[in-house]
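Q: For reference, the chains in residue letters:
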Amino acid sequence: MASIITENQVQAAESSKLIMTPSPHIKDSISTKKIMLTVSAALVPTILASVYYFGFRALVLTVVSVLSCVLFEYLFTILTKREPTIGDCSAVVTGIILACNVPVTLPLWMIVFGAFIAIVVVKCLFGGIGCNFANPAATARIFLLVSFAGHMTSWVAPLRGAMESIAGATPGQIIRVMGVDMVASATPLSGKMEQLPSLLQMFLGARGGSLGETCAIALLLGGLFLIYKGIISWVIPVSTLGSIFVFALLFGANPFYAVLSGGAMIGAFFMATDYSTCPVTDKGKAIFGIGIGFITMIIRSFCSYPEGMSYAILLMNIITPHIDSLTITKPFGAVFAQKTE
Amino acid sequence: MSFLQKTMKGAKIGHFKNTENCPSTAMPIPKEVCISMSQHMGPPCTPAVQKGDAVKVGTLIGDSTAFLSAPIHSSVSGTVTNITELVTANGSRTQVVIIETDGQQTVDESVKPPVIENHVDFVKAIRASGLVGLGGAGFPTHIKMNPKNLSEVDTLVVNAAECEPYITSDYRTIIERSGDVLDGIAAIKKYVGITQVKIAVESNKPQAIELLRRLTEKDPSIEVCSLNAIYPKGAEKVAVFETTGRVIKEGMLPSDAGVIVNNITSTAFIGQYLRTGMPLVSKCLTVDGGAIKEPKNVIAPIGAHFSDVIAFCGGYSCTPKKLMMGGPMMGILLFDDTYPVLKNNNAMLAFDESQTKVEPEQACIRCGRCMHACPYHLMPRQIELASQNDNLELLDKLKVMLCMECGSCSYVCPAKRDLTFSNKLAKQKLRAAAKK
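Line by line, the protein sequences are chains X and V.
With numbering that gives the first Met the number 0, you'll find the first sequence wraps up at 340, consecutive numbering, no jumps.
With numbering that gives the first Met the number 0, you'll find the second sequence wraps up at 435, consecutive numbering, no jumps.
Isolated chain V, as found in the complex (with noise of 0.2 Å):
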């Protein structure tokens, strides 16, 4: 039935784009930075370093020999002061790497383009990078770029679409960096072997639309979607949906259908990188919320504690209530502003009392918002109570597992329940049981 639709369910939710025309700018060289080893979907890296030991900007700190992982390079240049352990926002620890600037940010020697002939190099090199999947989720990019059905891909999705409110980095990207996202994807095209591009751009956003169709409009194999602003369109399966037709099946990857999903900012980074040889060390940010002096997009080294980004904005314009690493859909909830910026955050927002409002839960009234809401036509209330008699039959039944987190369903919900949260218990539930 979902293949005759076309375009997806989802929620009608504000944009709030206010730095959408703050150009982004480079903040100074804090005077300490702490670089988490921990900052991709996968195994954690180990230090390369020592204390004591002096680093360069691009200097490799941390690698893994793990399938599913990227290095860590430093971000400045300086002296590894300590090496420690750090509580990270999901509550689990994680080594990381306290590194005390010179400010001279001195180039490492090893930082060259790299030389690319084939597709084994080019995936080589997008490792040695450090790239992970910069819209969020910080998947590994080279192994998005070397699947195991390489014949069988053919389609780039270049997933601008930006969905969360208040983000505006990957637009910014768009109109600043736009050379870098053609190269980043003439090259992936080159090496992947892929006969056509897909832009997702979401429609709230006319001139990068506008000014994409332009830079591409030679090229028949690129195509700038437009995709109707409805929250979240930026997911992986949506925007593959929605700009190619094709249905990601549950359990598989994007390339079990012949696509490959790149993030606008992480095919920038692509395009740079092969240009300059610098690994990922410093990251775009939208800085955002009531709380915030002057709201910007900053360009932050990676490892630079939120307070100096902040700092940076003119400080706090009064007490936040909620500081959170990405957008306030999906945004993870910080419990001080010491936490260091990783790869793959794109926004730092901190809200203010007004904006924090908790309304307590009320009763269910059935009234299937939530389920309508769904993008993957779930049925939270379902699984809600599913999950609360623990019937793991049923909730297997209701596919809870599909569930992205995606939030529209809590957003939608007149009686204000989380339902996103009795989800995510509720995946918890059948991961538990399932090890058993």
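If we strip away everything but chain X, and leave its shape as in the complex, we get (with noise of 0.2 Å):
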């Protein structure tokens, strides 16, 4: 029917316009920012343990970590004439991580370094959020470490709560102290072992190490707390400790000091984790995490190498869509035809 349509009725029209889109029309709060929000709030006790043992520069660190993170998100973003998406806070967590991953006398352009090879290479080279096949902040250890071995396996002493015979040397003296994870790759016949840190020690954080990866209490905190949250599941980090105390065993470490020296309980709560790089069904995350204890026992076992968190995060993330394919659900009452060759 044609008609006349005055302007009036256009723009009653206009106000009066219903919207049209696909159902469900009432959507959960939760959103990408929330999720990460969450996970920046369950590193702060992380943050803060790294600032009581090594001391306000933890904290520079840190924050310059975070602000290199955005920064070189929103650069990248406007430079490839993209939507900016550092509203999704995912840089801030990706900052915190990194910073967590480095020793406190790290100098401070190197971190800014780390952080471009996070953003810019790792994440959004690959397609940004969500795209990238690797951890940015694991990718990034790795990169420092063999670009500046020296200074990324500069452990100092803790500033308090350390054992004596570091203690000794003034509170903030930078010495260097045996690598973490070598530290874990020693047995207790090595007759070394009054030179470890005590197991209470390598609980609280008070060892020498990364500025988030020594004090493990913060991170289970943490973790717990995402775990509650409903946030991460619990299956990649009780797969990953509980292969790495069971590979312990089975090469003749200590178990309760692998699990508690290096990074693997941050490795375990918060890297392994991250939802771009691991797989998505449940039994999925417990091949990924069985495979993340196994690689990093091989490796502080049987090869000179500081980290092997790192590299076993990395290795695992390479093969998250191979386990993806493998592992893809059963659906409720599917029936599958039955090949007839």
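It is worth saying that the hints were derived from the structure and are not from the lab.
Glycine is no exception: its CB is placed at the ideal position from the N, C-alpha and C atoms.
It cannot be assumed that every hint is accurate.
[To be verified] Okay, the calculated bits of chain V under chain X, using three or more residues with CB under 8 Å as the criterion:
1. 44-54
2. 320-326
3. 329-341
4. 353-359
5. 376-384
6. 419-425
[As the list claims (entries may be wrong)] Derived lysine-lysine pairs resembling DSS-like cross-links, with alpha carbons at most 30 Å apart:
7. Lys-423/V <-> Lys-282/X
8. Lys-16/X <-> Lys-415/V
9. Lys-282/X <-> Lys-11/V
10. Lys-292/V <-> Lys-26/X
11. Lys-423/V <-> Lys-329/X
12. Lys-292/V <-> Lys-32/X
13. Lys-356/V <-> Lys-80/X
14. Lys-32/X <-> Lys-147/V
15. Lys-26/X <-> Lys-423/V
16. Lys-16/V <-> Lys-228/X
17. Lys-415/V <-> Lys-26/X
18. Lys-423/V <-> Lys-33/X
19. Lys-228/X <-> Lys-11/V
20. Lys-435/V <-> Lys-329/X
Two chains, two frames, a set of hints: combine them into the complex.
A: As structure tokens, this is what we get:
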């Protein structure tokens, strides 16, 4: 029916326009930003512990890392003429975790370089959030390690609560202590036991190491909070730490030291659980976690490399797509046609 | 693996059962009704009346010879003023019979209680009543009651889960018409040869559960099952699994698992029809949403325009931004409020601006929430990717055809992706490929 439509009618139609969208018409209040902010909140105890043990510079490193991660992502989206994505706050999480993975003595420009690797090379060039095939922070840690091996393995003794032989040195004085992963591989029978931090010190974080990896209790608190909030699944932390424990036993290392040392705790709770780079199904997650534990313990027990966890996460990241395609779910009531060949 | 788990997955959604204490009230007969010839799953009916014919309440005005169909009756007395076409909510066209009402509501002479002696009579009577599944799908009930493997069907699942937010019309049926419900159950038991009855109610309706348990405590064959209120418990396969532990396999009907599933309001209608013989001419709707002045449960004649129903609820309190038939999880949006009430409508929602925030889609972060929310363990994100890449083989492997479009995946997605919609598209792609 042809009819003459006046301007008023058009305006009335515009204002009373009904929205047409596909169902459902209500949605959960969860958002990517909320998830990322929750993860950041879960890392707060770890940041506080790092400041407690390593001093104010730990906070400076963290802030620089976060700012440079956010800035790199912003610049990348501007230069490539995309919608800025920094609003989802995922760069903040990457920044915090990256800072957790470096020693307190690292020059600031190096962490900015690390942030560049994590955000631009690993994340943005592969398509941004959800598309990166490897964990940005783990990859950046490895990048920094192979580029600046000296700086990245300059573990300093903690300011507080360290064992006597080290605490004898002036607090804050930079001394090189044994690489933490090598600590883990030392067996109790090797006679070096008295030089190692006690299990309690390991648990509380009073040992040398990267900023965020030493204080197991802070990581545990944050990790349990994330599991409680439903942000991460328990499968990856349990399978990763469980398999580290078991393989440590098999390889003749002290399993408790193995779980508490190096990047095991932060890796299991905060890095291996990165959504983009871990399998989606629970079965896939279990395979992934066990793989990480196995590779970590192989590196720690049989290689002279100081860091096992990051390599293990990176290697398992790479085979995640294959784990995913092998572990697709069996839907409810599904009938699969028998192959007739 | 799913055989071992007790309850199925889903989405934890708000219930918004604002109208649960609003008794259903009949609206006044509108000046005009518009009765669609397509009110059931299956081919539409052909009008059995002509322009100018006088009709009464219960007069047959549309029927079809197709197997999957149910007749349509006039909900009012008056005169047929036109037989025309209507663009339905899904964009297709269907014939409609427009009737100008005389306000008398004279009942047709043919309306009398059916005489039923056996199963054949029962199925015939149910067909004549025009009953279709009132839970939403609109599957003709007489076909359900006449399964091919009649002797193997031993269980009736009465679906009163009402898992969609806002809707309370089934709840009102339980509270107000429990006698009809029990009569309906008794009739189905008697004529279809059912030995056990499960009434599925979501745990968010404790009064309904308590009432039904009290009424059925003397009958050991009837069990009232309280289902954990995680959406979508009212989905047919979910309700059957939760109440009986039986799995309806891909491509199968409930009867293949020995089960008949009937909505509680449909069951109550059977009870009422056997007593009065009045075919399906009215429907209780929940009218709610931020843009409705007085949300309530309305008994509306089939074919009443939504605008008339909403006028009975005090009209709009503000400009509506979304009008929908059904609940907010699976409801279909309407172009305008002249759309008529259909048999299988159970709600009419008008959302205001604050309820219709359109959030832009963001990149998937692979969190896996969609997969964990899917009651059928499908992988919506993987389906979305396979569909984008036109990987039909993978779509088939991911079993997208099982998707019932319940909306749980879209609901939980933190990146606000329309995964349910992409599932629908993927199903369409597979159907198109199968036709070639």
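Q: Hint by hint, say whether it matches the structure.
A: Now for the hints, and whether the structure bears them out:
For the region 44-54 of chain V, the proposed coverage by chain X is not satisfied: 0 residues have a C-beta within less than 8 Å of a C-beta in that chain, short of the threshold of three. Against chain X, the region 320-326 of chain V contributes 4 residues with a C-beta closer than 8 Å to a partner C-beta. That satisfies the three-residue criterion, and the hint holds. With 7 residues having a beta carbon nearer than 8 Å to a beta carbon of chain X, the region 329-341 of chain V meets the requirement of three or more and the stated coverage holds. Only when three residues or more bring their CB closer than 8 Å to a CB of chain X does the claim for the region 353-359 of chain V stand; here the count is 4, and the claim holds.
Restraint check on the region 376-384 of chain V versus chain X: 5 residues with Cβ-Cβ distances below 8 Å, three needed, restraint holds. For the region 419-425 of chain V, the stated coverage by chain X holds: 3 residues have a C-beta nearer than 8 Å to a C-beta of that chain, and at least 3 were required. In summary, the hint linking Lys-423/V to Lys-282/X is supported, as the alpha carbons are separated by about 27 Å, within the 30 Å threshold. With a CA separation close to 23 Å, the supplied pair Lys-16/X and Lys-415/V stays within the 30 Å bound.
The straight-line distance between the Cα atoms of Lys-282/X and Lys-11/V is roughly 23 Å, inside the 30 Å bound, and the hint therefore holds. The straight-line distance between the Cα atoms of Lys-292/V and Lys-26/X is roughly 24 Å, inside the 30 Å bound, and the hint therefore holds. Pair hint Lys-423/V plus Lys-329/X holds up; C-alpha atoms about 20 Å apart against a cutoff of 30 Å. Annotation: proposed proximity of Lys-292/V to Lys-32/X is violated, straight-line Cα distance about 35 Å (limit 30 Å).
For a cut-off of 30 Å, the pair hint linking Lys-356/V to Lys-80/X stands: about 26 Å separates their Cα positions. Under the criterion of a C-alpha separation no larger than 30 Å, the hint pairing Lys-32/X with Lys-147/V is inconsistent with the structure, at around 53 Å. Pair hint Lys-26/X plus Lys-423/V holds up; C-alpha atoms about 18 Å apart against a cutoff of 30 Å. Annotation: proposed proximity of Lys-16/V to Lys-228/X holds, straight-line Cα distance about 26 Å (limit 30 Å).
Annotation: proposed proximity of Lys-415/V to Lys-26/X holds, straight-line Cα distance about 8 Å (limit 30 Å). Between Lys-423/V and Lys-33/X the alpha-carbon distance is near 28 Å, which keeps this suggested pair within the 30 Å criterion. At roughly 14 Å between alpha-carbon atoms, Lys-228/X and Lys-11/V fall within 30 Å of each other, so this suggested pair holds. Between the alpha carbons of Lys-435/V and Lys-329/X the distance comes to roughly 28 Å, so the proposed pair stays at or under 30 Å and holds.
When each numbered hint is compared with the structure, violations occur for hints 1, 12 and 14.
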